[in-house]
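Chains as they are written, first to last, in my numbering: chain A, 1013 to 1333; chain B, -6 to 358.
Honestly, the hints are just simulated from the structure, not real lab data. There may be inaccurate statements among the hints.
Said to hold, decoys possible - Below, a sample of chain A positions facing chain B; criterion: calculated Cβ distance under 7 Å:
1. G1100
2. L1103
3. A1108
4. V1118
5. V1119
6. E1163
7. S1166
8. G1167
9. T1169
10. A1178
11. F1252
12. I1281
13. Q1298
14. T1308
For every residue, glycine included, the Cβ atom is placed at its ideal position computed from N, Cα and C.
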Amino acid sequence: MDLNTLLLVLDSTVRLATPLLLACLAGLYSERAGIFDIGLEGKMLMAAFFSAAVAFVTGSAWLGLLAGIASSMVLSAIHGLASITFRGNQLISGVAINFLAAGMTVVVAQSWFKQGGRTPSLQGDARFNPIDLPLAETLSGIPLLGPIYHELLSGHTVLVYIAFAAVPFTWWLLFRTRFGLRLRAVGENPESVDTAGVSVIGLRFAAVAIAGILCGIAGAYLGTALQAGFVKDMTAGRGFIALAALIFAKWRPWYALSATLLFGLLQAIAVRFQNIDLGGFVIPVQFMEALPYILTVVILAGFVGKAIPPRAGGEPYVKER
Amino acid sequence: MEKMPRWADAVLVPLFSLVLAAILSAVVILAIGESPVKAFKLMVDGALMRSAGWGYTLYYATNFMFTGLAVAVAFHARMFNIGGEGQAMLGGLGVALVCLYIPWPHWTLALIGATVGGALFGAAWALIPAYLQAKRGSHIVITTIMFNYIAFSVLNYLLVNVLIAKGSMDPATPKFPEPTHLPTFQDMFSTETTTLFKSAPANVSFFLAILACIFVWLLIWRTRLGFEIRSFGHSETAANYAGISGVKITIIAMLISGALAGLMAVNTTQGEAERLVLNSTEGAGFIGIAVALMGRNHPVGVFIAALLFGFLYQGGAELAFWTSIPRELIVVIQALVILFTGALDNMVRMPLERLFLALHKKEPN
């Protein structure tokens, strides 16, 4: 494998890791606040459709992004209503949201565009196009560093850079601000937050809303940047890989970055090489595809470091008993 | 004092949720420019007015009974088994191996063999998540989701590389031998003069599903194990105090749940396709969640909810055929049912409880 192939694989790793990273951070906010969210998949899917649809109609990828975020936040609101206001089962609510998105996107797409549940292909400004970082062309002549800068770091869409910038921002917000402290506390011990006179309900709704925004960006990236339009079920389990990455990352932002990059790399390898021949022993492509899930089960089993979720996760808060 | 009589809890709450889901679905149909009344008529026409329609409705209902019971049994032990889909896929593998590699003389014996095969493989696929939940405290919901994806990869690998029919490009096993083919409703109920259930896929495994409903009822409410499962589901600490082993109950309940999900493959793989294909489950494992929630985890409820979803599925296919409403509308309805009967249960329940309390106060006693 030469440098060029390596760079190509790493480049596609970045592209494939971006939606995972955004969704993973979305889950991180929500679960740190004590709200389990297995509806990441559905929110991304909904955002992917509405961003692509609005981008097609208006010709603006940015309006598409806004529409995607709005649609994802509607689902977040449903999740919040069910799991915070009415103290329902958060997991069941997540399952419902996934199906709602899977069904609604196709029904609406068929009604609007009549192309068998997809949007027409996006062109020009309706898509987020790659941006070249300054001097990428000029520097590409420098050995090693030039191609790395030109191929790997430069030439992604703006959403990729937003996703990567969201990691340090999330770290800062959660671990260096008052809001972050409270948000984490509400997922560990909501009674203490309540005693301090801070609204548990409010904080949890804020966390769920942030998750909605991030899933919205992730979906818009899928529909208007990674691919040129929406196709049925285009998230293809990414929401669940993101969930796996979240556990893998033990609910921490920087670990989330490395976990999603690892899972992105696995996807990139599976896409590029199909079956990997190791001289007599062939690793089938299906194994590569299943690896994120297998790794997550191993981590969950506690054989390689223990993943301890936020303590109050999944439990609705009742003010007085 | 009970806030609501039991019949209201068992019948009125799910019915109310269903009405809410139906109203919202009607709004969706209106929004895409079709008439809900016409759509409903088409669905009833296609699913219930001809015997062939019934043949499809009952075929789908058979699947949903198995997966619904699977979710229900796990719910009784307060576990949420989202892995029905994966367990049913592996059940399909079990059924296929039994049908392909054992020379059965007659379908009755093959049915027994396939039942054992499907149940064993489904249960085996539930065993690891169950063990991890019981012994290592890994959350069953996450592990079963992961196992759905792993199941798909395993099946994909086996069908593409190992079990594929010679000279075929299609990732599927060869056709099962003739003696394993189950009698369909057409074979069973048609007379010389009239053909009933014409080329519909409903087959004898429908009765297997009814047996499974009875089995689950006996198990949960008439055996010691069932009592232990329910106690564990109500309160883990109380169950432990009473000497019930949480580890044992978790594993056994999940094994039964996985076996029930695996049994679905008898209907789809042996009964309908007569070979194992990649997408044999078609999401039925997930519909089991809606069915169990709507059926209030009771076999009778599951039976009725499965029939309802069978009707929706067949009716949805008819809609897609005759109108511009795609089949995915059924997924929306399914989502709404899960939302209202599961997550927003309190929203539906609270006003009803208030109503009953108000009625109660008026009665002079």
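Hints, one by one, checked against the model:
1. With a cut of 7 Å, the hint placing G1100 (chain A) at the interface with chain B holds, because the nearest CB-to-CB distance is about 4 Å.
2. For L1103 (chain A), the interface hint holds, the least distance from its beta-carbon to any beta-carbon of chain B being 5 Å, beneath 7 Å.
3. For A1108 (chain A), the interface hint holds, the least distance from its beta-carbon to any beta-carbon of chain B being 4 Å, beneath 7 Å.
4. For V1118 (chain A), the shortest C-beta to C-beta distance to chain B is roughly 4 Å, which falls under 7 Å, so the interface hint holds.
5. Contact between V1119 (chain A) and chain B, as hinted, is supported at the beta carbon level, the nearest pair being about 5 Å apart and thus within 7 Å.
6. Because the smallest distance between the Cβ of E1163 (chain A) and any Cβ of chain B comes to about 31 Å, over 7 Å, the interface hint for this residue is violated.
7. The closest approach between the C-beta of S1166 (chain A) and any C-beta of chain B is roughly 34 Å, which is over the 7 Å cut-off, so the hint fails.
8. Because the smallest distance between the Cβ of G1167 (chain A) and any Cβ of chain B comes to about 31 Å, over 7 Å, the interface hint for this residue is violated.
9. For T1169 (chain A), the suggested interface contact is broken, since its CB lies about 28 Å from the closest CB of chain B, more than 7 Å.
10. With its C-beta approaching chain B no nearer than about 24 Å, A1178 (chain A) sits outside the 7 Å limit, and its interface hint is violated.
11. Because the closest C-beta pair between F1252 (chain A) and chain B is about 6 Å apart, less than 7 Å, the hint holds.
12. At its closest, the beta carbon of I1281 (chain A) sits 15 Å from a beta carbon of chain B; the interface hint therefore is violated under the 7 Å criterion.
13. Evaluation of the Q1298 (chain A) hint against chain B yields a held restraint, the C-beta minimum of about 4 Å falling below 7 Å.
14. Checking T1308 (chain A) against chain B: minimum C-beta separation of about 5 Å stays under 7 Å; hint holds.
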